[in-house]
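Student: What follows is the residue order along each chain.
Protein chains: 2
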Amino acid sequence: MENAKSSDPNGTGSQYTNGILNGFHPAQQSNGITTAHSPSRGSFSEGGNTHSGGGHSGIENIHHLHHPVVQNNGSPAKRCRLRRRMDSGKKNRPPFPWFGMDIGGTLVKLVYFEPKDITAEEEQEEVESLKSIRHYLTSNVAYGSTGIRDVHLELCNLTICGRTGNLHFIRFPTQDMLGFIHMGRDKNFSSLHTTLCATGGGAYKFEEDFRMIANLELQKLDELDCLIHGLLYLDSVSFNGHPECYFFENASDPENCEKRPCCLEDPFPMLLVNIGSGVSILSVYSKDDYKRVTGTSLGGGTFLGLCCLLTGCETFEEALEMAAKGDSSNVDKLVKDIYGGDYERFGLQGSAVASSFGHMMSKEKRDSISKEDLARATLVTITNNIGSLARMCAVNENITRVVFVGNFLRINTVSTKLLAYAMDFWSKGQLKALFLEHEGYFGAVGAFLELLKMTDDL
Amino acid sequence: MENAKSSDPNGTGSQYTNGILNGFHPAQQSNGITTAHSPSRGSFSEGGNTHSGGGHSGIENIHHLHHPVVQNNGSPAKRCRLRRRMDSGKKNRPPFPWFGMDIGGTLVKLVYFEPKDITAEEEQEEVESLKSIRHYLTSNVAYGSTGIRDVHLELCNLTICGRTGNLHFIRFPTQDMLGFIHMGRDKNFSSLHTTLCATGGGAYKFEEDFRMIANLELQKLDELDCLIHGLLYLDSVSFNGHPECYFFENASDPENCEKRPCCLEDPFPMLLVNIGSGVSILSVYSKDDYKRVTGTSLGGGTFLGLCCLLTGCETFEEALEMAAKGDSSNVDKLVKDIYGGDYERFGLQGSAVASSFGHMMSKEKRDSISKEDLARATLVTITNNIGSLARMCAVNENITRVVFVGNFLRINTVSTKLLAYAMDFWSKGQLKALFLEHEGYFGAVGAFLELLKMTDDL
Numbered sequence: 004m005e006n007a008k009s010s011d012p013n014g015t016g017s018q019y020t021n022g023i024l025n026g027f028h029p030a031q032q033s034n035g036i037t038t039a040h041s042p043s044r045g046s047f048s049e050g051g052n053t054h055s056g057g058g059h060s061g062i063e064n065i066h067h068l069h070h071p072v073v074q075n076n077g078s079p080a081k082r083c084r085l086r087r088r089m090d091s092g093k094k095n096r097p098p099f100p101w102f103g104m105d106i107g108g109t110l111v112k113l114v115y116f117e118p119k120d121i122t123a124e125e126e127q128e129e130v131e132s133l134k135s136i137r138h139y140l141t142s143n144v145a146y147g148s149t150g151i152r153d154v155h156l157e158l159c160n161l162t163i164c165g166r167t168g169n170l171h172f173i174r175f176p177t178q179d180m181l182g183f184i185h186m187g188r189d190k191n192f193s194s195l196h197t198t199l200c201a202t203g204g205g206a207y208k209f210e211e212d213f214r215m216i217a218n219l220e221l222q223k224l225d226e227l228d229c230l231i232h233g234l235l236y237l238d239s240v241s242f243n244g245h246p247e248c249y250f251f252e253n254a255s256d257p258e259n260c261e262k263r264p265c266c267l268e269d270p271f272p273m274l275l276v277n278i279g280s281g282v283s284i285l286s287v288y289s290k291d292d293y294k295r296v297t298g299t300s301l302g303g304g305t306f307l308g309l310c311c312l313l314t315g316c317e318t319f320e321e322a323l324e325m326a327a328k329g330d331s332s333n334v335d336k337l338v339k340d341i342y343g344g345d346y347e348r349f350g351l352q353g354s355a356v357a358s359s360f361g362h363m364m365s366k367e368k369r370d371s372i373s374k375e376d377l378a379r380a381t382l383v384t385i386t387n388n389i390g391s392l393a394r395m396c397a398v399n400e401n402i403t404r405v406v407f408v409g410n411f412l413r414i415n416t417v418s419t420k421l422l423a424y425a426m427d428f429w430s431k432g433q434l435k436a437l438f439l440e441h442e443g444y445f446g447a448v449g450a451f452l453e454l455l456k457m458t459d460d461l
Numbered sequence: 004m005e006n007a008k009s010s011d012p013n014g015t016g017s018q019y020t021n022g023i024l025n026g027f028h029p030a031q032q033s034n035g036i037t038t039a040h041s042p043s044r045g046s047f048s049e050g051g052n053t054h055s056g057g058g059h060s061g062i063e064n065i066h067h068l069h070h071p072v073v074q075n076n077g078s079p080a081k082r083c084r085l086r087r088r089m090d091s092g093k094k095n096r097p098p099f100p101w102f103g104m105d106i107g108g109t110l111v112k113l114v115y116f117e118p119k120d121i122t123a124e125e126e127q128e129e130v131e132s133l134k135s136i137r138h139y140l141t142s143n144v145a146y147g148s149t150g151i152r153d154v155h156l157e158l159c160n161l162t163i164c165g166r167t168g169n170l171h172f173i174r175f176p177t178q179d180m181l182g183f184i185h186m187g188r189d190k191n192f193s194s195l196h197t198t199l200c201a202t203g204g205g206a207y208k209f210e211e212d213f214r215m216i217a218n219l220e221l222q223k224l225d226e227l228d229c230l231i232h233g234l235l236y237l238d239s240v241s242f243n244g245h246p247e248c249y250f251f252e253n254a255s256d257p258e259n260c261e262k263r264p265c266c267l268e269d270p271f272p273m274l275l276v277n278i279g280s281g282v283s284i285l286s287v288y289s290k291d292d293y294k295r296v297t298g299t300s301l302g303g304g305t306f307l308g309l310c311c312l313l314t315g316c317e318t319f320e321e322a323l324e325m326a327a328k329g330d331s332s333n334v335d336k337l338v339k340d341i342y343g344g345d346y347e348r349f350g351l352q353g354s355a356v357a358s359s360f361g362h363m364m365s366k367e368k369r370d371s372i373s374k375e376d377l378a379r380a381t382l383v384t385i386t387n388n389i390g391s392l393a394r395m396c397a398v399n400e401n402i403t404r405v406v407f408v409g410n411f412l413r414i415n416t417v418s419t420k421l422l423a424y425a426m427d428f429w430s431k432g433q434l435k436a437l438f439l440e441h442e443g444y445f446g447a448v449g450a451f452l453e454l455l456k457m458t459d460d461l
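From first to last, the protein sequence lines stand for chains E and X.
Heads up, the first sequence is in this note's numbering, so the first residue is 4 and it goes up one at a time.
Heads up, the second sequence is in this note's numbering, so the first residue is 4 and it goes up one at a time.
The set of hints was computed from the structure by calculation and includes no laboratory data.
Please note: incorrect hints may appear among the correct ones.
Since copy identity is lost for identical chains, a pair holds within one copy or between any two.
To be verified - Here are the simulated DSS-like cross-link-like pairs (lysine-lysine), alpha carbons at most 30 Å apart as the crow flies: (1) K368 with K294; (2) K368 with K328; (3) K119 with K223; (4) K328 with K366; (5) K374 with K262; (6) K431 with K374; (7) K374 with K294; (8) K456 with K368; (9) K223 with K420; (10) K435 with K208; (11) K420 with K134.
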């Protein structure tokens with residue numbers, strides 16, 4: 004069976020079960036950084052083959068040694084740890100930079116905490132490489148040709164572990180991962196002695212590359228643990244004062260269907276449907292008690308892969324744009340195409356899809372459809388399949404709250420509305436589809452939280 | 004919910020719950036008819052637009068009036084019914100010809116009973132149109148350009164309702180349905196006063212066409228009722244002395260996986276997975292007690308439709324031939340492509356598919372694959388999705404016997420073996436996949452049985 008029970012090896016993690024990690028303090032400044040200047044060096048995703056030579060980045064780490072000398076009270080490892088705590092200005096927190104990374108099948112998701120409460124003294128003592136990272140990430144919205152900062156998702160004035168700052172959300176294609184690792188080497192990232200918390204399959208796949216190329220040891224974390232922890236945390240801190248969660252009112256009525264913010268109070272049990280390249284479905288009973296109910300390989304990767312093949316598109320954005328303009332009923336065989344109307348006995352409406360792509364076995368029909376129709380049919384097929392699976396799991400697990408996350412849902416209102424409709428209609432209003440604003444970033448946030456948690460254990 | 008409970012409005016139908024409808028008598032002759040000659044007229048599927056003029060087929064129905072005059076002992080309707088019983092030589096059975104029809108989304112399935120025990124007297128009295136139908140159907144294996152008789156499935160020397168004969172299995176594309184109806188008109192089929200028992204969506208969609216064009220009234224029957232009744236019947240009479248049912252021994256070991264006949268004794272409860280253009284999944288507790296658990300629109304029509312789009316193929320046979328030669332791992336993203344190996348925590352092997360078609364978002368990968376790879380990936384994607392859904396239903400319904408039927412499985416050992424593997428492997432041997440030789444014909448057989456049953460009610 005694909006199912007497995009999981010429990011957190013780190014204990015209860017009560018750190019944020021109360022909804023706030025060391026408190027959420029709205030602060031004075033919250034200007035989203037927008038000044039964009041592209042440095043000539045240091046872009047981490049200039050394509051899949053950024054293997055530039057290392058050791059000449061011009062970034063030095065000698066400032067690192069200017070920190071107050073700590074008492075020599077133990078082993079070299081302990082001294083090192085103590086010194087590192089100083090880097091973020093206080094004990095019991097890790098040294099800056101604070102990152103969390105989720106290396107998925109298609110996209111790498113990176114969250115970065117930018118401290119905004121740096122004192123003049125701190126600024127002076129900050130090592131150059133650290134400053135360089137901070138300035139590079141926060142003063143750009145695009146990195147290389149494929150890295151993107153989702154500025155609209157930035158969380159401002161978050162207080163975490165006693166530091167106040169902004170949380171940034173960055174993504175780039177996994178195929179550019181080696182370029183990123185080479186940049187880590189070139190920037191001498193290993194000299195920062197930070198722990199790199201990473202989750203997703205790529206944390207395993209690229210572990211050796213991080214070690215051999217950039218001299219970096221990854222702290223590998225399970226992706227489903229991270230997903231749940233990240234989700235509960237982001238929901239608890241809220242989205243700059245607004246709810247992280249939303250649903251669709253009148254989901255079964257396309258004319259009057261509208262997005263509405265809502266609270267994920269008392270979220271358990273929830274069925275969590277994570278739609279990335281593939282799909283995982285979890286029953287979540289508490290922060291650390293969940294099981295993977297099932298999954299399907301027909302996910303976001305299937306949508307994009309098929310769309311590229313069928314329409315010649317190159318990107319997710321392009322695929323969605325086409326899908327928005329298409330009509331899937333030219334491609335799919337509907338119940339009414341077979342029955343002439345509804346299949347009443349089993350409550351199947353004439354407009355329901357009986358056979359996805361079922362019209363495409365006819366040359367005549369193939370000749371009469373557009374690429375947009377094909378993109379739409381692909382989107383509807385993948386979405387409905389996930390919706391149907393999720394609904395079945397929800398019924399079997401006796402859970403009414405179905406939370407959909409993952410980057411497949413990014414800028415994808417066709418799918419979110421379709422999922423909301425499917426949950427509502429087929430359950431006669433018993434199931435509720437919920438969505439979260441930070442769609443695909445929860446794994447990375449969960450990894451980021453582990454970094455902060457680990458320091459508690461020092 | 005898509006579920007619905009059903010019970011047979013016709014009562015217990017004990018007729019074949021004992022496994023045999025009026026007994027199964029192996030008889031003397033069993034030569035499969037093979038003489039193939041194509042008549043210049045009368046092919047019922049010469050393409051989708053066979054709207055030839057009617058009333059000039061040369062087939063007369065005056066012999067119909069030569070039957071012994073029955074006693075005028077009631078209403079005209081009752082007299083008519085009595086007269087009809089005579090046509091098949093005895094009371095309490097319908098007049099010949101005996102047909103059952105299942106008009107699906109892609110294919111029309113037709114079963115035809117050819118009486119082999121016709122006496123000389125009967126032969127003389129047989130109306131010309133009836134004789135013409137019999138000769139046409141039994142002396143050909145192909146009808147028009149698209150109709151095909153599955154000779155290898157023929158059931159020989161079957162005794163049904165006191166008559167002994169052969170049961171023939173014929174299929175043609177649903178898009179040729181109007182051609183078939185026009186032939187019915189041209190052959191003056193309505194003069195035979197037979198009841199045309201039909202199931203499948205097309206029984207509803209084409210009802211009016213049958214009435215208006217060919218003056219034929221369909222007896223419409225529910226497709227899932229017919230499916231179950233037909234399946235239980237064919238299993239009970241056996242396949243010319245051999246079992247109807249088979250499974251794969253060593254399903255989890257591709258090297259040693261072998262087809263083995265088996266008995267479907269004590270078949271309840273069974274999970275019945277019908278893979279036609281779309282898919283229906285039923286929990287069957289007894290002949291007349293079942294529910295439709297769920298379904299998916301990703302079925303045989305999706306496989307063929309997508310294959311036509313992706314590879315330029317035109318037929319199911321062509322698509323399967325290509326799929327047999329392809330390698331789906333060039334198209335799909337596997338767990339090891341993302342993790343570098345297994346995702347051990349949740350028991351996902353590196354060789355498992357993580358994202359179907361997931362590699363196809365990369366132009367480089369798209370440029371390196373073959374049409375055969377795409378056909379294989381399409382087949383594997385659709386099959387695994389159905390397998391996964393079926394497994395989940397089986398677990399939820401607490402049923403270990405999973406019977407796969409439908410024309411998607413015709414000449415499709417890739418899928419049958421994959422389903423057998425999926426059931427065995429993922430359930431750790433708890434679930435057993437079963438298959439039936441007459442794959443897609445059970446609905447038509449069920450409709451045929453209704454014809455015989457209806458006569459009992461006269």
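Student: Each hint: holds or not?
Tutor: Here's how the hints hold up against the structure:
| no. | hint | in the structure |
| --- | --- | --- |
| 1 | K368 with K294 | neither (44 Å within a copy, 34 Å between copies) |
| 2 | K368 with K328 | both (18 Å within a copy, 27 Å between copies) |
| 3 | K119 with K223 | within (28 Å within a copy, 73 Å between copies) |
| 4 | K328 with K366 | both (22 Å within a copy, 24 Å between copies) |
| 5 | K374 with K262 | within (29 Å within a copy, 42 Å between copies) |
| 6 | K431 with K374 | neither (34 Å within a copy, 43 Å between copies) |
| 7 | K374 with K294 | neither (39 Å within a copy, 39 Å between copies) |
| 8 | K456 with K368 | neither (58 Å within a copy, 40 Å between copies) |
| 9 | K223 with K420 | neither (35 Å within a copy, 37 Å between copies) |
| 10 | K435 with K208 | neither (36 Å within a copy, 35 Å between copies) |
| 11 | K420 with K134 | neither (43 Å within a copy, 58 Å between copies) |
Hints 1, 6, 7, 8, 9, 10, 11 from the list above are not met by this structure, while the remaining hints are.
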